[in-house]
Amino acid sequence: SAVISQKPSRDICQRGTSLTIQCQVDSQVTMMFWYRQQPGQSLTLIATANQGSEATYESGFVIDKFPISRPNLTFSTLTVSNMSPEDSSIYLCSGGRANTEAFFGQGTRLTVV
Amino acid sequence: AQSVSQHNHHVILSEAASLELGCNYSYGGTVNLFWYVQYPGQHLQLLLKYFSGDPLVKGIKGFEAEFIKSKFSFNLRKPSVQWSDTAEYFCACYNQGGKLIFGQGTELSVKP
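Same order as they appear, the protein sequences are chains S and G.
Those letters in the first sequence? Residues 1 to 113, per my numbering, in order.
Those letters in the second sequence? Residues 1001 to 1112, per my numbering, in order.
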């Protein structure tokens, strides 16, 4: 199994600022994803982080708002840009290999004030 | 678009009651199905998974799920719940594009 580490685990940010979340996996995974879990809701896929190329975003999410990097197989970052209170959520990194289970980090709880 | 639907948003049971949580998926091709659990304040953990073979899958902590292809369903069951099963349960499905899509989640509250 893979262990997924995310940091920071939580943060309180001022509106208009940006926060970069880091995700590190302990073994080589072929696929990495970023999810958002708003209070009381399910996980919504933001994007697939592609190694060495631009991420693939889901409908409703754009690169300008959520730029993602994945410079190698085991590391990715998600930036939440120009934050507003509506961005308050838990952001989760996920990693796995094709046709196997996905592993999740503990998430980053973001509060925008 | 592919979707996963969970019918029960909040289920309240007494200890020792039997549990069945519904999950339906819309994807018509080969699917890999999962149930995850999120205990209060903790990260998502895998309960069980189905890739192929026996459609009755047994997972951890006494949970099982049955894949019924004709009904596009993957319902989660446990014969006797415990207070410690109180958590949020998520059904999820991989499609051939490798995206893991989640259902809305079901909050299970078990009364001692």
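Hint data in this document are derived by calculation from the structure and do not stem from the laboratory.
A portion of the hints provided could be inaccurate.
[To be verified] Below, a list of computed lysine-lysine pairs in the BS3-like style, where the Cα atoms sit at most 25 Å apart: (1) S/K65 to G/K1099; (2) G/K1049 to G/K1071; (3) S/K7 to G/K1099.
To see whether the hints hold, each was checked on the structure:
1. At roughly 21 Å between alpha-carbon atoms, S/K65 and G/K1099 fall within 25 Å of each other, so this suggested pair holds.
2. Only pairs whose Cα atoms come within 25 Å are accepted, and G/K1049 paired with G/K1071 is accepted, the gap being roughly 18 Å.
3. About 23 Å separates the Cα atoms of S/K7 and G/K1099, which keeps this hinted pair within 25 Å; it holds.
No hint from the list above goes unmet by this structure.
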